[in-house]
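Fit chains B, C and D to the supplied structure of chain A, relying on the hints for placement.
Residue numbers (the numbering used here), protein chains in the order written: chain A, 477 to 860; chain B, 477 to 860; chain C, 477 to 860; chain D, 477 to 860.
Do not rely on the hints blindly, as some may be mistaken.
Each pair may be met inside one copy or between any two copies, as identical chains are not told apart.
What the hints assert, rightly or not - Straight-line distance between alpha carbons at most 20 angstroms, and here's what the computed SDA-like set of lysine to any residue pairs gives:
1) K605 with R807
2) K605 with P806
3) K763 with P751
4) K731 with L641
5) K763 with E645
6) K763 with S648
7) K775 with T637
8) K763 with L780
9) K603 with E804
10) K763 with L641
11) K603 with A796
12) K763 with Y737
13) K754 with T542
14) K562 with R548
15) K731 with T767
16) K763 with E736
17) K731 with T743
18) K763 with R838
Everything labelled a hint here was simulated from the structure, so no lab data went into it.
What follows is the residue order along each chain.
There are 4 protein chains.
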Amino acid sequence: MTCPYARFLEPEPTNESNSTSSSNLTVNGTTGSSDALTEIISMTGFANRPAKPELKRLPSSDELVTYNNYLRLHTILDSQILMSAKHDINKTAVHDEHLFIIIHQTFELWFKQIIYEIDSIREIFDKEKVDESQMFVIVNRLNRCVQIWRLLVDQIGILETMTPLDFMEFRSYLSPASGFQSLQFRLIENKFGLTDKSRIQHNATHYMNTFPNEHDRNELQNSVETPTLLQLIERWLERTPGLDDTTFNFWERFKTSVGEYLNFLKTNAEDEPNPTAKDASLEDVKKTADTFRSLFDEKFHNQLVQRGERRISQRAIQGALMISLYREQPRFQQPYQIISLLMDIDALITKWRYGHLILVQRQIGNKQGTGGSAGYSYLRSTCR
Amino acid sequence: MTCPYARFLEPEPTNESNSTSSSNLTVNGTTGSSDALTEIISMTGFANRPAKPELKRLPSSDELVTYNNYLRLHTILDSQILMSAKHDINKTAVHDEHLFIIIHQTFELWFKQIIYEIDSIREIFDKEKVDESQMFVIVNRLNRCVQIWRLLVDQIGILETMTPLDFMEFRSYLSPASGFQSLQFRLIENKFGLTDKSRIQHNATHYMNTFPNEHDRNELQNSVETPTLLQLIERWLERTPGLDDTTFNFWERFKTSVGEYLNFLKTNAEDEPNPTAKDASLEDVKKTADTFRSLFDEKFHNQLVQRGERRISQRAIQGALMISLYREQPRFQQPYQIISLLMDIDALITKWRYGHLILVQRQIGNKQGTGGSAGYSYLRSTCR
Amino acid sequence: MTCPYARFLEPEPTNESNSTSSSNLTVNGTTGSSDALTEIISMTGFANRPAKPELKRLPSSDELVTYNNYLRLHTILDSQILMSAKHDINKTAVHDEHLFIIIHQTFELWFKQIIYEIDSIREIFDKEKVDESQMFVIVNRLNRCVQIWRLLVDQIGILETMTPLDFMEFRSYLSPASGFQSLQFRLIENKFGLTDKSRIQHNATHYMNTFPNEHDRNELQNSVETPTLLQLIERWLERTPGLDDTTFNFWERFKTSVGEYLNFLKTNAEDEPNPTAKDASLEDVKKTADTFRSLFDEKFHNQLVQRGERRISQRAIQGALMISLYREQPRFQQPYQIISLLMDIDALITKWRYGHLILVQRQIGNKQGTGGSAGYSYLRSTCR
Amino acid sequence: MTCPYARFLEPEPTNESNSTSSSNLTVNGTTGSSDALTEIISMTGFANRPAKPELKRLPSSDELVTYNNYLRLHTILDSQILMSAKHDINKTAVHDEHLFIIIHQTFELWFKQIIYEIDSIREIFDKEKVDESQMFVIVNRLNRCVQIWRLLVDQIGILETMTPLDFMEFRSYLSPASGFQSLQFRLIENKFGLTDKSRIQHNATHYMNTFPNEHDRNELQNSVETPTLLQLIERWLERTPGLDDTTFNFWERFKTSVGEYLNFLKTNAEDEPNPTAKDASLEDVKKTADTFRSLFDEKFHNQLVQRGERRISQRAIQGALMISLYREQPRFQQPYQIISLLMDIDALITKWRYGHLILVQRQIGNKQGTGGSAGYSYLRSTCR
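Here chain A stands alone, though its shape is the one from the complex (with noise of 0.2 angstroms):
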């Protein structure tokens, strides 16, 4: 198989200095590419051993497909309907509707990756323990996902080059807010865990309106009933090792160590010589004690947890501070790349939701009245 792109070529005429195939260069003064194939077989030691059975047989002629087939493409490139056509009188496409349309088939084929990704990760991680050579497998998965994420941020930038203007000229066509919602998003959303349980009670109710497919209700029940990618995270961060080691005891050591800290820095801010310095320095350790108090209150972090301040248990968070302290220690560095990973992809998202809003601003407006919700200032609070 080659590249799909290339372009129909005759091969590069070889020439003694290029080639490097058989029939140039030889190996005990061998020539011939039968005898060249014989010769490189026996170097393998396996020139008399049959292929073994379990290997799969390859596909014959016939069975192969072509780029058009395999990719769908009569089907998928079928599917830009224009409403602009379809209901004016006089049939004139608006033309910047078929961007709107292909923008937002193309997210949607990248969501269906992302949530493709997020399974078999969240599959992996669903078990008592994870393999370590599984680390890998779900460290590539999540960088792809960065790839994909940052790919789609950029993407939006497309859809800037439609005009407030040509926009309005179609959009009366498409359904108000209620019934113009991605599932797949939704459903990104509920499988990473990002959706917190306030929202989910208040969602449900829409769903009935907005998904009236009973498949599409089902994939939104299971993706808030099955573990979500966090959960499993938080799970598998409380069973950091070396979080009972009484050996080593790193629970007490890390206290130990936020008590000295904390005290230099007090008796630094107290031999502060200028007045106005050293109250500032003061004021300033307080807040830096306070960041801790929630690693060592234990009744504190879960008034934080039900505020929606702390999105996992204390255990995890001691986990993940191991990890981050040790992360140069083997058996840390690939957990430190996940959390790094889903930190970065958590940070994209809402780049990307943010991106999105102010594109909406400036192409609805600030107030635009529509059926249901939205509008800027709802949307504004999504990327709190």
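Below, chains B, C and D alone, put in the same frame as chain A:
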């Protein structure tokens, strides 16, 4: 309509300092929303006139499309058939095959968009005279093509997250080179006018095997028989206003300036005290002079066209020169942007091929034997 | 001059099929390079005229600058002083501090470029009438600013390769908030006109501490006292040709169209058979009507200006509206591009702040105590 | 320290539902900020221990650096000297020269960063054994180089906003090719090991003219005499654990698998019913077999090294193969990432050169005479 990715939210509580809605601010003391509506309409001086019949009837609620239906997602998201799952006795899909499919399907959707834009631009150019207001439309659509190609260049990077070893696991199911070609990419090349005459003959033979479908062949035929964008641009450049203006006499003035410039360079070079620097400068002047030859010498220009080093007529080049030199004149501002964007697109398609080339080299090596042609050495020459 | 990154290469051997140099192709049978030079000059009809005295004298070989000297690299590449190496008793630099320095130095170089472009654009706009050929220059420079901001948005990503824990190792050497401010970024905000009056007063107090250098303070003073880009754009929009044209009467026509449109929407809504959809539609129409209020009601517009929800005069908005609605007219094409690019820049600066915000949150947490203000919660509000 | 680009803001008023500061939430009923501080310290069990002497003394307020001083901005932002302003009798700067200077200065700052990273990686690799915890550091720094090169590839695009005609206005002040070379770029090539032996000899002559400064020449000398990254990687790969393990016997197993695979392919090909497909398949198998030759045939491998088609030893390639095949094993995960990142960097440097090449072609044409070497045709060959 609103952002399909927005969360379901209750509207923000409006308070006096934030709201600009009718209910909070009054004009002439009127309050109440329906009154505000009447009030605004009356401000327009239009209160008593009926809706004009020629405004399109808005669709009623049963005609509105949902996000899912509008984008035909049930079809599009059901078109990812993995060969590795289909053929394997154990039906174990190769995970990365899904990415391979998705990325090529999104490439093809964007190719469709690019063809849609090029065709609309070709239609505008295919007239005796291109209206000035249409210049604006052409510039916008060419810029959109540039943004899309920039995205596609970045998109190749996502395929780099699939290792060559993963790729090997499923590529044996895909057709060899001659059967794995993108029709739309050929159409783009042809419609831009990037495919020169010799390759068109050469390709014609290959089309028989590669695109057996009659509809496909007709499209290819049409893409070489109807005027390409390059041909239309050439004709448009030849019509550049002012070229024949005997009062201003652009061409004579230009030749004079060039001669003046070359004489000046020659004099400067001869004045250079340092002998080595003098020789270098004189050599330099000769080469500079040489680049102007084809502008003044029509036979020479035609030789370059024969050799494929020039693609448009001498008169067209004169037009382009005039536009470039006087680009700040109102009449030439948009034409200059058009020329500029065409060069951007040309550079981007080249970068895209190159990025694809590097990727293929990593995936399948330098001289990978496959049925038909292709392989890295061959692809390299597409980046001339 | 050539590419400073090119390898040292011997020139390719020229052969007849590739070369276009004088030595291989002749005109009128002449060969030999100096003859070819004379020949080309004579084609221009300029053979016998001397170099005009007003052409700039080319620099002689001893005046030419090398890459190193031209770019002052000996200075610039000697300006990375790591605090962690300077203060540590053992002089062990924190590796990542070098990246922190380099990335901020490059940000500052690009800020200087942006200021250079803005100042040149402000100078062009600060006239009674802006020449049409200068429109072209403005569009190019605004587009350049857009490209630079896009790069700076991506550049933030490189700082994400420095983990918070690495950052902690050297940041104690850096001034607290009040002393760690970028002057150029303030200048950019002020010169664009992004800084509203209230913040200018507030800032003035802070400037005393933050920018003790008198030259810096003068620059800041100048940036708020001379007309900002936004002010100059406002005046330019108010002068939009056609606004006062009583023959065409744009404003009356516009009000009529709006009234017509609102009446039409109202009629459609009242015709909607489904009661729920009907109520939603009517509510929708009221909100739509409301967005037009500030266009027709000058007192209301001024209230919005007071509240910071509008930044330019009502007449300027009328100018912008006219340009947008008639953007395909030759006289409005460049003005429309200018408005469009300003909006792009505004969006990009917002995205840049947001990206920086997310980064800071990861680096120093949500409520990091530091001297002065700042911390994540505060920075959030800059992204309004 | 805070974000240097933040606006001056008053802290948000804290209210009970938002604040996590000491003053609002208590533990054990204590309130008051200093008490909260003591309270937290006591939670650590550290209340009574003094600051350990080995913690670095924090700088006092007079030692802290401001943003300006830290980044030496007074120097860096004063290093943009436009030749067009300097030499012109009327001192009118060519506007675009400023961009030309800034963009090359930022390239050079990033080159310095890349050299800083490479040198630190070379230092780690230049040992008998590379620690596993250092693997992590190497992966992070290589990834950082990848991110920087991605940015530099995009950065070239900004130079495209300068038209060739603008460039012509000031480039006559710049040295011809031989004097306009980037030292750091040469160092990067040499330190990576991209410069092969023949070019080093060739270059040595040019260095005399191009880099007259003795310090520069010493750096270049050092960069070819000390082990390059490629050489160190080669030695590291040759030490891949398991290569000599006679119990596992990787190499014998590998040869066996290859022979098995080739035999299998051959059998499949011979079974193909369609004669044309059969011939194509057999030809295919021969080519596939050929790619393995250099792995088993040491003389052949050395011939390829002589011709520059292989850059590292056969044993090093065996090491790379082992790492790739067993990349999911814990011990090979980081090594595999290292190999992968090196290939990414190689591809990116090639794309950067190519983008630069395309730009130069647009700026100065295909065969632009300049003193010394260069021009488009020459630059092309750097992208082999």
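We went through each hint and held it up to the structure:
Taking the shortest alpha-carbon separations for K605 and R807, both the intra-copy value of 14 angstroms and the inter-copy value of 19 angstroms come in at or below 20 angstroms. In the homo-oligomer, the alpha carbons of K605 and P806 lie at most 20 angstroms apart both inside one protomer (18 angstroms) and across protomers (15 angstroms), since each shortest distance falls under that limit. Taking identical chains as interchangeable, the C-alpha atoms of K763 and P751 lie at most 20 angstroms apart only when both belong to the same chain, with a minimum of 19 angstroms there against 56 angstroms between chains. Within a single copy, K731 and L641 get their C-alpha atoms only as close as 60 angstroms, which misses the 20 angstroms cut-off; across copies the closest is 17 angstroms, which meets it.
Within a single copy, K763 and E645 get their C-alpha atoms only as close as 54 angstroms, which misses the 20 angstroms cut-off; across copies the closest is 19 angstroms, which meets it. In this assembly of identical chains, the alpha carbons of K763 and S648 lie at most 20 angstroms apart only when taken from different copies (15 angstroms versus 52 angstroms within one copy). Taking identical chains as interchangeable, the C-alpha atoms of K775 and T637 are never at most 20 angstroms apart, the minima being 52 angstroms within one chain and 34 angstroms between chains. In this assembly of identical chains, K763 and L780 lie within 20 angstroms of each other by CA distance solely inside one copy; the values are 17 angstroms within and 38 angstroms between copies.
Proximity of K603 and E804 under a CA criterion of 20 angstroms is satisfied inter-copy only: 18 angstroms between copies versus 25 angstroms inside one chain copy. Taking the shortest alpha-carbon separations for K763 and L641, only the inter-copy value of 18 angstroms comes in at or below 20 angstroms, while the best intra-copy value is 50 angstroms. For a Cα distance limit of 20 angstroms, the shortest separation of K603 from A796 inside one copy, 19 angstroms, qualifies, whereas the shortest one across copies, 32 angstroms, does not. In this homomeric assembly, K763 and Y737 come within 20 angstroms of each other (Cα to Cα) only inside a single copy, at 13 angstroms, whereas the closest approach across copies is 57 angstroms.
For the homomeric pair K754 and T542, the shortest alpha-carbon distance between copies (18 angstroms) is at most 20 angstroms, but the shortest distance inside one copy (74 angstroms) is not. Proximity of K562 to R548 under the C-alpha cut-off of 20 angstroms is restricted to the inter-copy arrangement: shortest distance 15 angstroms between copies versus 25 angstroms within a copy. In this assembly of identical chains, the alpha carbons of K731 and T767 lie at most 20 angstroms apart only when taken from the same copy (13 angstroms versus 57 angstroms across copies). With identical chains, the CA atoms of K763 and E736 are at most 20 angstroms apart within one copy only, with a shortest distance of 16 angstroms there and 59 angstroms across copies.
Taking the shortest Cα distances, K731 and T743 sit within 20 angstroms of each other inside one copy (18 angstroms), while across copies they are farther apart (67 angstroms). Only between protomers do K763 and R838 lie at most 20 angstroms apart by alpha-carbon distance; the minimum there is 17 angstroms, versus 39 angstroms within a single protomer.
Hint check: a violation occurs at hint 7 only; the rest are consistent with the structure.
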